[in-house]
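Based on the sequences and whatever the hints tell you, model everything.
These protein sequences, in sequence, are chains S and D.
Add 18 to a position in the first sequence, counting from 1, and you land on the number used in the working numbering.
Add 285 to a position in the second sequence, counting from 1, and you land on the number used in the working numbering.
Treat the hints as calculated values from the structure; they're not laboratory data.
Incorrect hints may have been included.
Chain S is faced by these chain D residues, among others (derived, beta-carbon under 7 Å) [claimed, not checked]:
| # | residue |
| --- | --- |
| 1 | Met465 |
| 2 | Ser549 |
| 3 | Arg552 |
| 4 | Ile660 |
| 5 | Leu668 |
| 6 | Arg670 |
Beta carbons: idealized from backbone N, C-alpha and C, even for Gly.
Residue-level listing of the chains:
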Amino acid sequence: MIFDSYTIVITGLGGQGLVSLLKILGNALVTKGYKVITSETHGLSQRGGKVTCFLRFGDMLNAPIPMIGSADMIIATEKSCILDVLQYARPNKSTKLIISSYEKSIINEKYPSENYILKVLNENSDNIYFIPATNIAVKLVKNLKAANIVILGYILRFLPLSEKDIENSLKQQFLGKDLEINLKALKEGQNLQ
Amino acid sequence: MSYNKIVKGNSGDEKFFLGNETIVRGALESGIDVYTYYPGTPSSEVGEIFMEIFRDVGMKWVESSINEKVAIEVAGAAYARGASVMVGMKNVGLNVASDPLFALSTTHPKNKNSALVILVADDPQQHSSAVEMDSRYYLKLFKIPALEPSNPQECLDFTKKAFEISRELKLPVILRTVTMVSHSRSNVVIGEIKRSKIKEDFDLSKEFNVASRLYFLELKEDQIYNRLNRALEMSENSSLNRFENMNVKNEFELGIITSGVSYSYVREALNFLGFKAPILKIGFINPLPAQKIANFLKQFTQVFIVEENDAYIETQVLAIAQKNDLKVKIHGKDPFSYSKENSSLPFVGELDPTKIALALIKITNITPKIDLNQIKGKKYEILGRLPILCPGCPHRTTGYAIKQAITKIKSKTGKKVYFYQDIGCYTLLAYPPLSFANVKYCMGSSIALAQGVAHTNGSLNIAIIGDGTFFHAGIPALLNGIYNKAPILVLILDNGWIGMTGQQPHPGSDIRYYKEGYFKRDIKLEDFLQGTGAHVSVIRHHENNEQDYLTRLKEVIYEKGLDVLERKNLHVILVKDECIQKYVKKYEPYVRYVDVKSCKNCGLCYSQFLCPAISEKDDAAFINSTLCLGCDICEEICPNNAIKREEIP
Numbered sequence: 019m020i021f022d023s024y025t026i027v028i029t030g031l032g033g034q035g036l037v038s039l040l041k042i043l044g045n046a047l048v049t050k051g052y053k054v055i056t057s058e059t060h061g062l063s064q065r066g067g068k069v070t071c072f073l074r075f076g077d078m079l080n081a082p083i084p085m086i087g088s089a090d091m092i093i094a095t096e097k098s099c100i101l102d103v104l105q106y107a108r109p110n111k112s113t114k115l116i117i118s119s120y121e122k123s124i125i126n127e128k129y130p131s132e133n134y135i136l137k138v139l140n141e142n143s144d145n146i147y148f149i150p151a152t153n154i155a156v157k158l159v160k161n162l163k164a165a166n167i168v169i170l171g172y173i174l175r176f177l178p179l180s181e182k183d184i185e186n187s188l189k190q191q192f193l194g195k196d197l198e199i200n201l202k203a204l205k206e207g208q209n210l211q
Numbered sequence: 286m287s288y289n290k291i292v293k294g295n296s297g298d299e300k301f302f303l304g305n306e307t308i309v310r311g312a313l314e315s316g317i318d319v320y321t322y323y324p325g326t327p328s329s330e331v332g333e334i335f336m337e338i339f340r341d342v343g344m345k346w347v348e349s350s351i352n353e354k355v356a357i358e359v360a361g362a363a364y365a366r367g368a369s370v371m372v373g374m375k376n377v378g379l380n381v382a383s384d385p386l387f388a389l390s391t392t393h394p395k396n397k398n399s400a401l402v403i404l405v406a407d408d409p410q411q412h413s414s415a416v417e418m419d420s421r422y423y424l425k426l427f428k429i430p431a432l433e434p435s436n437p438q439e440c441l442d443f444t445k446k447a448f449e450i451s452r453e454l455k456l457p458v459i460l461r462t463v464t465m466v467s468h469s470r471s472n473v474v475i476g477e478i479k480r481s482k483i484k485e486d487f488d489l490s491k492e493f494n495v496a497s498r499l500y501f502l503e504l505k506e507d508q509i510y511n512r513l514n515r516a517l518e519m520s521e522n523s524s525l526n527r528f529e530n531m532n533v534k535n536e537f538e539l540g541i542i543t544s545g546v547s548y549s550y551v552r553e554a555l556n557f558l559g560f561k562a563p564i565l566k567i568g569f570i571n572p573l574p575a576q577k578i579a580n581f582l583k584q585f586t587q588v589f590i591v592e593e594n595d596a597y598i599e600t601q602v603l604a605i606a607q608k609n610d611l612k613v614k615i616h617g618k619d620p621f622s623y624s625k626e627n628s629s630l631p632f633v634g635e636l637d638p639t640k641i642a643l644a645l646i647k648i649t650n651i652t653p654k655i656d657l658n659q660i661k662g663k664k665y666e667i668l669g670r671l672p673i674l675c676p677g678c679p680h681r682t683t684g685y686a687i688k689q690a691i692t693k694i695k696s697k698t699g700k701k702v703y704f705y706q707d708i709g710c711y712t713l714l715a716y717p718p719l720s721f722a723n724v725k726y727c728m729g730s731s732i733a734l735a736q737g738v739a740h741t742n743g744s745l746n747i748a749i750i751g752d753g754t755f756f757h758a759g760i761p762a763l764l765n766g767i768y769n770k771a772p773i774l775v776l777i778l779d780n781g782w783i784g785m786t787g788q789q790p791h792p793g794s795d796i797r798y799y800k801e802g803y804f805k806r807d808i809k810l811e812d813f814l815q816g817t818g819a820h821v822s823v824i825r826h827h828e829n830n831e832q833d834y835l836t837r838l839k840e841v842i843y844e845k846g847l848d849v850l851e852r853k854n855l856h857v858i859l860v861k862d863e864c865i866q867k868y869v870k871k872y873e874p875y876v877r878y879v880d881v882k883s884c885k886n887c888g889l890c891y892s893q894f895l896c897p898a899i900s901e902k903d904d905a906a907f908i909n910s911t912l913c914l915g916c917d918i919c920e921e922i923c924p925n926n927a928i929k930r931e932e933i934p
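Pasting the structure below:
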């Protein structure tokens, strides 16, 4: 596959491991010969607040931040967070929205209703995928922190990367038991329909 | 880990590097001897990596200094004595370092190997800063050259260039990055690591040549008319200031001048609009290449200046146009109007490609392929998520104890209580439900702010400061308060590390728990405080396995607070409870769970104590066992004894 540029927006909560996800995916793409640029959030914003990162790859790369209305894929590792970044979805509704079913509510604030979220998502995209990433991570992999890798396993089908490519990248990041857990999470994500 | 990643690899290899990692590699390829720093997002990783690798790569010295002023003094002396040196800090750190940097900038070392690069990382949008500050105006004050990379590859090339320029001109050179460059990761082609050419011997009286009262004016003449003059010539001829797309024409006779990360946004916006324009990309940001800029301006009727934060380049471009009698319309921030209507770009906040595309649309009236304003106009029900303290964070416990203690003080005395916060994670106590006032200026200001009110008002004034911040800039303010008998309560929240930027060590950190600690000697805060003559109370979490920590903490705050009001004494309470990010493995192997039969769902643990591991589920509190770290405070606060322990599975 050849891309001028492919833009992924990743959003979620600080502490969910978004930076690790970027590194694993970015490393695999670089090894495969792609030019990649990411932007990461560090510092205080790590802790619990909303975090948005970008990963872009292809031959026509410029900025670490994309234009609004131009993302190819948006990933939300917490459901309601997707509402924050819909401005990056293309107006022609072609952007793939990958949403974890994980909900983290806040005390004294009403969590957006299922109906509302679905309505808004349908206004913005014809390609919506809900992934029960935390359920799979807790029940099948027995580790909540592996949820992002379940998502990574799922989105592999849309990317110019093989299972081997990501496995190699995971091996650079993890060792021993952690590696085992993440390889299992990757498999579970790939097997999701 | 960092050694394999950063140091290994040969010239021509391609790496996937963070901007900050690339800066380390660039310095190693320039034969660096010394790196000193004070951690501050977005610059911290550079120091962390150097700290980890410097003994193995054979550098002379690396230190995480007590503050930026000391960091630059240590670095400056090493530079004057003949070392190749880099010193790193965030934008506001440069304020702290600015005092010695004046004399240092004018100093003219005679040693061939002397080079000094100052890494200053700005943080537009103040993602993790107390203020949004553009450090570039300092360049005019210090009169030193500066380079600004726009992506990770340029971080490598520009770092090497900065060392070359400094070594040749004998001026410190600032390497200015912003968050989106320091924390951007991309493909980087590396070069060869160089050995330093530092010599053991040097002549202090001949080589140091420090700009002191005796020769300051003489050296200042040399700095401006000789060294800075040569820097200007370099800037005019440097490929770091380059023309792009000069053969393309647009009907608006519009050219663009930009620098740093804004350059990448400009390219993105032009690409999106399908619009072509010649660009002057400025990498050598001080002195600006005035002649090159004039030559560029001459070719257009309008020029658009794109830069983050202040109109640093734009103001100078306006002057250059005047000096060259050029009639050209300058678009940008319109620095002489302070008006949103007149400007194309904002002074406040971070730029992005969309803001630049919208500005270009406004300037040219071209129609984009998609309606950006329509996208921006869409609003959704968004949850306002505030950053929160980690599960098990000691600051949550302290904040909770303070809240309860002062409620008691207020009802007993009828006096008002005011809080002064400092720079650190505990700033988050300003958010609900504790909602402490978020009053602070900068590192170390809390203790002096409390004094300013206490001397003029009969209320109880409480300063809250972390251990790292106390070492950095709190000590003079505390001594000032003790000397002046200021009736204030100072709470030093000693979590053992510089927590917010990633648990870097400070002089009080336990030397047993970090690798470089082997070579250090730690300074015990309790000993230091005893020596000041202040009334000091020390309270420790997990002391003798006691289960009443919160109660003890509440009591001491109550007692000492009352004493401040009644006897006008200054009290210091040193709260020792380690950062959960460091302590996590040392907790006993239990997590907590809620016994649903005993839980009355009063909500104290999840809505007042606000631990992120606890939420409400099926009319009872619920503890997420994967988030719980076993700090045991919830067990103590639960009025119904409903929180129990279970072994970690």
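Consistency of the hints with the structure:
1. For Met465 of chain D, the interface hint holds, since its Cβ comes within 7 Å of a Cβ in chain S; the closest pair sits about 5 Å apart.
2. For the restraint placing Ser549 of chain D at the interface with chain S, the shortest Cβ-Cβ distance is roughly 4 Å, inside the 7 Å limit, so the hint holds.
3. The restraint placing Arg552 of chain D at the interface with chain S holds, with a minimum CB-CB distance near 4 Å, inside the 7 Å limit.
4. Of the supplied interface hints, the one on Ile660 of chain D holds, with its beta-carbon coming within about 5 Å of a beta-carbon of chain S, less than 7 Å.
5. Restraint check, Leu668 of chain D versus chain S: the minimum CB separation of about 5 Å is within 7 Å; hint holds.
6. The criterion of a C-beta within 7 Å of any C-beta in chain S is met by Arg670 of chain D, whose closest approach is roughly 5 Å, and the hint holds.
Checked against the numbered hints given earlier, the structure satisfies every one of them.
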